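Engineer: Each chain is listed here by its residues.
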Amino acid sequence: MITQLLSSIAQGVGLTLYVTAASLVIGGVIGLVLVGATRSPIALIRSIAGLYINVVRVIPPITWLFLIYFGLPQFTLRLTTIQAAIIGFSIIASAFMAEIYRSGLLSIPDGQREAAHALGLSTVTTVGHIITPQAFRVALPAIATYGIGLLKDSALASTIGVREITYYAQQSAKQTHEGLLSFVVAGLLYIVISLIVALVARRVDLTLRRKIGVA
Amino acid sequence: MDLLTQWLGWLPNLAPGLGVSLQLTGLSLLFGFPLGLLFAVMAASKVALLRWISFLFVEIGRGLPALVLLYLLYFSLPDAGITLTSLTTAIIALTWNTGAYASEYFRAGLAAVPLGQKEAALTSGLRGWAGFRLIILPQALRISTPPLAGLAVLVFQGSALAFVIAVPELMSKAFEIGSITFEYLSVYVLTAVVYGSITLVFLALVRVLEWRLGRHLQRN
Amino acid sequence: MGLSFGTKAPPTALSGEVVVTGLGKSYGAARVLSDVNLAMNEGEVVSIIGPSGAGKSTFLRCLNYLEVPTEGEISIGGAHVVAGGKLPDKASLDHLRRVTGMVFQSFNLFPHLTVMDNITLPQRKVLGSSKEQAQAVAERLLKRVGLPDKAKAYPARLSGGQQQRIAIARALALSPKVMLFDEPTSALDPEIGLEVLAVMRDLADEGMTMLVVTHEMHFARDVSDRIMVMGNGGVLEIGPSEQVMSDPQNERTRQFLKAVLDR
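Chains as they are written, first to last, in this note's numbering: chain A, 108 to 322; chain B, 661 to 880; chain C, 5 to 267.
Because the hints were derived from the structure by calculation, they are not lab data.
Possibly wrong hints are sitting among the right ones.
[Said to hold, decoys possible] Quick partial rundown of chain A residues pointing at chain C, CB under 10 Å, derived from the structure:
id, residue
1, Arg146
2, Ile149
3, Ala223
4, Ala225
[As the list claims (entries may be wrong)] Covered by chain A, according to a simulated footprint, are these stretches of chain C (three or more residues, beta-carbon under 8 Å):
id, region
5, 114–121
6, 126–138
7, 172–183
Here the structure is a predicted model, which means the values were calculated and not measured.
Backbone N, C-alpha and C define an ideal beta-carbon position, used for all residues, glycine too.
The following block holds chain A by itself, in its conformation from the complex (with noise of 0.2 Å):
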């Protein structure tokens, strides 16, 4: 029975990881620009990328991907349910990264720029070769954090439709009665992916600090 309900929950592991790993990935960039933006000489920028930030944060993820499901097709903007949940994790995920590089950057000693400013290096050379780098290295540990949180959020996607674990998971249930075995199927495989890219991101910061020899 077991065997059985894991072959055909197991079908939702792919587009699980799917909607993830693209929302991360999207989410990532956006809040690049935002964390930019959000130290913009230009107030009204600085501005909107606050508000657009801390509005974000304080809205449940469903509520999101209904607004972006149900009610864009009002302008004849017809989403697949794939894409509706992928842009409403996106927008969500590129708020919480852009708080994760912000603590990232306050991280960064001050005399690394002072250093990069006193031996002249342009502003575009000092973010991208010095301040980056660093702050990337040091928010990766937050980044899977936000990641594996993420994973769990995407079983969200099930109520709009999109076929990924925890919707084979309802299904099962309602097919064979078996209700508790269906989730506890469900929720072993995301506990074991979630284990996985924890190992994998602790491995990956272990590598990287060991590089540069501070681990």
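Since the structure of chain A is provided, determine the placement of chains B and C on it from the hints.
Structural biologist: Here is chains B and C on its own, set in the frame of chain A:
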């Protein structure tokens, strides 16, 4: 303004939903935080069994998506012969979820209280529970407050999930209005505004609380 | 004995000369630097000493605009800037930073780059040197500071003294006309500090114009040509090293030296 009148017209329908959401959130926090504290204390226990039970409950409560936890209980409890209302099921699921996350924050907070405090409490005649309650716990709580506040926000957002097991909270009311009027965008924007503003007000209050808890540390 | 100037603008400095007139800085109501004047010839070594909070580092950091002076004029190696409470135009700022090299108390090496990259990156980005040119310069400088085999190492694995010497190499790689040292050995154990001071001494012997904020009185007396004593944001005294150390004119200098040397 047309939008405003539309929204004002919907508020009476949404209000009971909001009430249920707040009820769900409040009860989950009320039961979840102490549960988290219990898990944290159990995790530090010398009794291996207690540590294991705590570990299991925390890892499952944290490792599973809240939605899966919700479905799990919703489908499994009836099979075990326990019939509960959707709301109660949701409260149990959310409490478990909250307790699991809270336990980690409490563990960090407890660990962060300097060892010397425990020793000072002992030598001041405050043993066991009294020492814990009066000296250690307040300091641990102060450290844990910011992440716990963040957790409270997440629980409030999590309450929106109860919609899928037919709990008549805010999201479900919004969906009702949407399916009748087809003004999905408008009603969900309003819903977002409601969630957002309550959260922002809550966060502002937490900042005041943090300030008051940390006042004794400011050098003036 | 101080140096005085007329009210006309002083001549723009050539090559390694430093001419600073009337430098001042205020943080709102607080006056951090007042009327600091300094003229250095090429190849001169001047040490800046004085009690904490005297403004020594602030003064030094104004010279390459890590701090923004509110009034005064700076002429270093052909770059000329009139202070006005904000950053100067990009061209002047870049010029100023190219003719000056700075060594920091906390080294500030880039931890995510190898020693070689630390020294070649600025050359490639600021001077436009090719990778080969930059590496050749880096190897030469590493040999000069006594660390020829550390090119591939990462800074975190090196001792403080080694890191500081690499920081010196990194600054020298851009061929500055004047080297600014902000308490280069304060974060190092005295023994380790000697390695760094030795490199600085060699640099001085080779004719580099150097301005050094330091607590190392031996260095100040033995290696520098002149000593500038600062207190409370102003210059208390400036003169030949031997003379300032053994026979200071200013009362506060006397007190400071007494406190520092009588341990």
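Engineer: State for each hint whether it applies.
Structural biologist: Going down the list of hints, with the structure as the test:
1. Arg146: This interface hint is violated because 17 Å lies over the 10 Å limit.
2. Ile149: Nearest chain C Cβ about 17 Å off; hint violated.
3. Ala223: holds (8 Å)
4. Ala225: Given a least distance of 4 Å, the restraint on A/Ala225 holds.
5. 114–121: holds (count 3)
6. 126–138: holds (count 3)
7. 172–183: Check passed, 3 qualifying residues.
Hints 1, 2, counting from the list given before, are not met by this structure.
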